[in-house]
Amino acid sequence: MNRFFTTEILQNGTARILGDDVKHITKVLRLRSGDKVELCDARGRECEARITSIVSDFVMLKTGEWHDADTEPEYKVTLFQCVPKAGKFETIIQKCVELGIMRIVPVQSARCVSIPRGDIDKKLPRYQRVSLEAAKQSKRGIIPQIKQLRRIDDLDLGGFDLILVAYEDEKETKLKDALKGMDGKRIAIIIGPEGGFEKDEIELLKEQGAVTVTLGTRILRTETAGMAMLAQIMYEVE
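So for the sequence shown, our numbering puts the first residue at 11; every next one is plus one.
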């Protein structure tokens, strides 16, 4: 059954779908009045809904009983991803949303390819759309948010129960060991750029409570490391 997100939850058990999804419903899927879809409120609740009417710019639906989506992970993971070369960030967003990420924050570090903040900000609507489509495909209960670009020396890491940094020079602490005995369910993972972190950046992160971990003996690409780390975390905690 096709899945759609909406914030237009109305009274008397009705809801409305707006925007690009209207064209997708009418022109691509060719749904009609009486057809059923899965509807999600983007806050973790979902229901089965039936289309009651279609007009040019919105679709009206009769909603069934709302319930919590069972696809959302219990542990809330935020990815701080140092900005990769062009074209890779969308893949990172797509795959991490499928794997259960809650939020993604692009980060500018010393060895990142130089990208003006304005260029990243202009792409945020596109990145958010990638997140939306991945959330639909994987039947998520929320649409993970893609935040504005932050400098590595300006990260707010407060509020996390565990902060993990994938670091190629870490030889002792494994990800599994760092997760043992964790008190809480809010995790931050930080992934460096193609050239890796500088040592003073690692020290800065450690001052904020970050723990460096090894992901194994092989060096992973920046677009692979976050996905691999997230998948391992979800396996361990779920």
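If you're looking for bench data, these hints aren't it; they were derived computationally from the structure. Yeah, the Cβ is synthetic: ideal placement off N, Cα and C, and Gly gets one too. One or more of the hints may lead you astray.
[To be verified] Cut-off 20 Å, straight-line C-alpha distance, at most; resulting in silico cross-link-like pairs (EDC-like, lysine to aspartate or glutamate):
no.	residue 1	residue 2
1	Lys209	Glu246
2	Lys72	Glu48
3	Lys216	Glu246
4	Lys186	Asp129
[Unchecked claim] Label-pair restraints from in silico Cβ distances:
no.	residue 1	residue 2	range
5	Arg55	Ile229	37 to 43 Å
6	Thr62	Glu213	56 to 62 Å
7	Ser43	Gly205	53 to 59 Å
8	Gly44	Glu178	52 to 58 Å
9	His34	Asp171	27 to 33 Å
10	Ala120	Glu246	28 to 34 Å
11	Lys209	Arg40	37 to 43 Å
Sort out which numbered hints this structure fails and list those numbers smallest first. Per hint list: 1, 3, 4, 9 and 11 violated.
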